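Student: Using the hints, position chain B against chain A.
As they're listed, the protein sequences go chains A and B. Just so you know, the first sequence maps onto residues 0 to 302 in numbering that gives the first Met the number 0. Just so you know, the second sequence maps onto residues 0 to 302 in numbering that gives the first Met the number 0.
Hints are computed from structural coordinates only; laboratory data are not their basis. Please note: incorrect hints may appear among the correct ones.
What the simulated footprint calls covered on chain A by chain B, stretch by stretch (three residues with Cβ under 8 angstroms from a Cβ of chain B suffice, anywhere in the stretch; the number is not a length) [claimed, not checked]:
# : region
1 : 175-185
2 : 222-231
Heads up, simulated SDA-like pairs for lysine to any residue below, C-alpha to C-alpha not over 20 angstroms straight-line [claimed, not checked]:
#  : chain 1 : residue 1 : chain 2 : residue 2
3  : A       : Lys185    : B       : Glu271
4  : B       : Lys158    : B       : Gly172
5  : B       : Lys291    : A       : Glu214
6  : A       : Lys189    : B       : Val226
7  : A       : Lys72     : A       : Gln57
8  : A       : Lys291    : B       : Pro212
9  : A       : Lys291    : B       : Asn300
10 : A       : Lys185    : B       : Gly203
11 : A       : Lys189    : B       : Leu223
12 : A       : Lys80     : A       : Asp12
13 : A       : Lys185    : B       : Arg272
14 : B       : Lys185    : A       : Ala292
15 : A       : Lys185    : B       : Asp86
16 : A       : Lys185    : B       : Leu223
17 : B       : Lys185    : A       : Pro229
18 : B       : Lys185    : A       : Glu204
19 : B       : Lys185    : A       : Met296
20 : A       : Lys19     : A       : Asn88
21 : A       : Lys291    : B       : Ser213
22 : A       : Lys189    : B       : Asp86
23 : A       : Lys158    : A       : Met193
24 : A       : Lys185    : B       : Lys158
25 : B       : Lys19     : B       : Lys291
26 : B       : Lys185    : A       : Lys189
27 : A       : Lys158    : A       : Lys185
Here the structure is a predicted model, which means the values were calculated and not measured. Quick reminder that beta carbons are idealized off the backbone N, C-alpha and C, glycines included.
Each chain is listed here by its residues.
There are 2 protein chains.
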Amino acid sequence: MSLLVVGSVAFDDLETPFGKQDRVLGGSASYFSLSASRFHPVQVVAVVGEDFGPEHYQVFEGRPIDLAGLVRKPGQSFRWKGAYGFDLNEAQTLETHLNVFAGFHPELPSAFQSAPYLFLGNIDPVLQLDVVRQMAHRPRWIAMDTMNFWIQGAPEALKETLREVDILLVNEGEARALAGEHNLLKAYRKIQAMGPQILVVKRGEYGAVLMTPSEVFIAPAFPLEDVFDPTGAGDTFAGGFLGHLAREGRMDLDTLKCAILRGAVLASFTVERFGTQNLEVVTEEAIRERLKAFSAMIRVNGL
Amino acid sequence: MSLLVVGSVAFDDLETPFGKQDRVLGGSASYFSLSASRFHPVQVVAVVGEDFGPEHYQVFEGRPIDLAGLVRKPGQSFRWKGAYGFDLNEAQTLETHLNVFAGFHPELPSAFQSAPYLFLGNIDPVLQLDVVRQMAHRPRWIAMDTMNFWIQGAPEALKETLREVDILLVNEGEARALAGEHNLLKAYRKIQAMGPQILVVKRGEYGAVLMTPSEVFIAPAFPLEDVFDPTGAGDTFAGGFLGHLAREGRMDLDTLKCAILRGAVLASFTVERFGTQNLEVVTEEAIRERLKAFSAMIRVNGL
Chain A
0 MSLLVVGSVA FDDLETPFGK QDRVLGGSAS YFSLSASRFH PVQVVAVVGE
50 DFGPEHYQVF EGRPIDLAGL VRKPGQSFRW KGAYGFDLNE AQTLETHLNV
100 FAGFHPELPS AFQSAPYLFL GNIDPVLQLD VVRQMAHRPR WIAMDTMNFW
150 IQGAPEALKE TLREVDILLV NEGEARALAG EHNLLKAYRK IQAMGPQILV
200 VKRGEYGAVL MTPSEVFIAP AFPLEDVFDP TGAGDTFAGG FLGHLAREGR
250 MDLDTLKCAI LRGAVLASFT VERFGTQNLE VVTEEAIRER LKAFSAMIRV
300 NGL
Chain B
0 MSLLVVGSVA FDDLETPFGK QDRVLGGSAS YFSLSASRFH PVQVVAVVGE
50 DFGPEHYQVF EGRPIDLAGL VRKPGQSFRW KGAYGFDLNE AQTLETHLNV
100 FAGFHPELPS AFQSAPYLFL GNIDPVLQLD VVRQMAHRPR WIAMDTMNFW
150 IQGAPEALKE TLREVDILLV NEGEARALAG EHNLLKAYRK IQAMGPQILV
200 VKRGEYGAVL MTPSEVFIAP AFPLEDVFDP TGAGDTFAGG FLGHLAREGR
250 MDLDTLKCAI LRGAVLASFT VERFGTQNLE VVTEEAIRER LKAFSAMIRV
300 NGL
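Just chain A, with the same shape it has in the complex:
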């Protein structure tokens, strides 16, 4: 009954106005699994190099995270170097070294092929579709992320993959680019026609918008005094959101809304420290407390 994620595990060199740190554990599958596993067991399919040592495996230990699909290959792990300006909204990519990720071809261990919930992290849509086809039967839901690189560079493959997808999570610019439409409500209808009935638009510090065939829900981000490093916020959000959905086993509107808030709260912890550092140590109680405060912050009585 696990939530299967296919994505990247990487080392990031990060620079923000508040400091810099090299070789920080990162990648979509890392943030996603550390976040989602707070709510539901996760299975990881990804590739790492020989530089991924016992201290890195250890980060995932003692959690309901199955690393049977984490393949270790000769060579170096995916490495990304990025910097953020003072407004922290957009990363500037300084270097990308795909390394072992260049030849990544996800292969699902047989125990993973019957996962009822599937998250396709941001990789080549051809590989995303291939993962779907490796499943023994169609998962209850399939969620995915993508980015402008694929929207511009592989639109046909992307559209073929989207036909299999129930929930698309992208940022605002990506939703607009994919639909060829600036207005989000109109963009949703075009994306809905491509396959995904549920669209989650990530807006960074402005929160997220959930769009379903019947309703729109708009949630802010949890406001913080100190945002340290926004890397991984989107994948942490996706993990909290989908982890909660998997745990609940339902997709009604109230469950979806609660899931959005959990994703936002988990992401708020991630950005308070470099990489996955805060996500690794944050307590269940701290998550519960922040969720409670967040809920009060958006609640309106007396309308």
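Tutor: Just chain B, lined up with the frame of chain A:
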């Protein structure tokens, strides 16, 4: 028991990707009074020129808007020409002709001097303070708007005025500039130390943040399929927000939150047509309906 507004009445030449229109009724006091008067009687102090004709007075007729403080002077009214790009977030000012507004020195009719609620629209902070000093006694609350022009150009006068103010409504960039602090939570505390205990940060299409000494409330904007002309959205928002507060005569957190939603809903009507056109004709029922839909859109059950 009126809500007194001091601001501008202007004619705007507007250009958006969806069309252009010249000599549209505008100015902060126009949008504010048409919006606030949906909830509470309004008194207007502003100046117009000889080009302000009976057809313009007529816009305000049949509403609880007292124009005894709207002075008509020889010359032309304030004229602003602006254009918006496709994302509609920021206006590009093409021309500004202050005309009669250049010599504007607000004089409060004696009947206006005991208004219990005061909104100081975005004008020279020296004039804003002068208005406060013309009041027979201190209003129950004083709200104000300002902009970067005064934040940069008249910081001392602005700070003197801010000491008299309870509620400051500014956009995100203005809040940051005023406080000299990027983070909004920290910016609020600096602004609070300057006087206003309540800060409302307007975020355009991303909604608004209400900050009080005890709580933060974050509201989205009402999502629209067709945003036509964003001119006046901020003043319409201020009108709905403060009009509701004046009507309720309370400032508890729930009332403040409900007021924010009303401001957002009124603003959503304004931006659907040029200038004040939609705000003039929208029905009470349409406002109620949209408020209901908006409330459902942000409500989370089952947390």
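Student: Hint by hint, which ones does this structure get wrong, listed from lowest number up?
Tutor: 24, 25, 26
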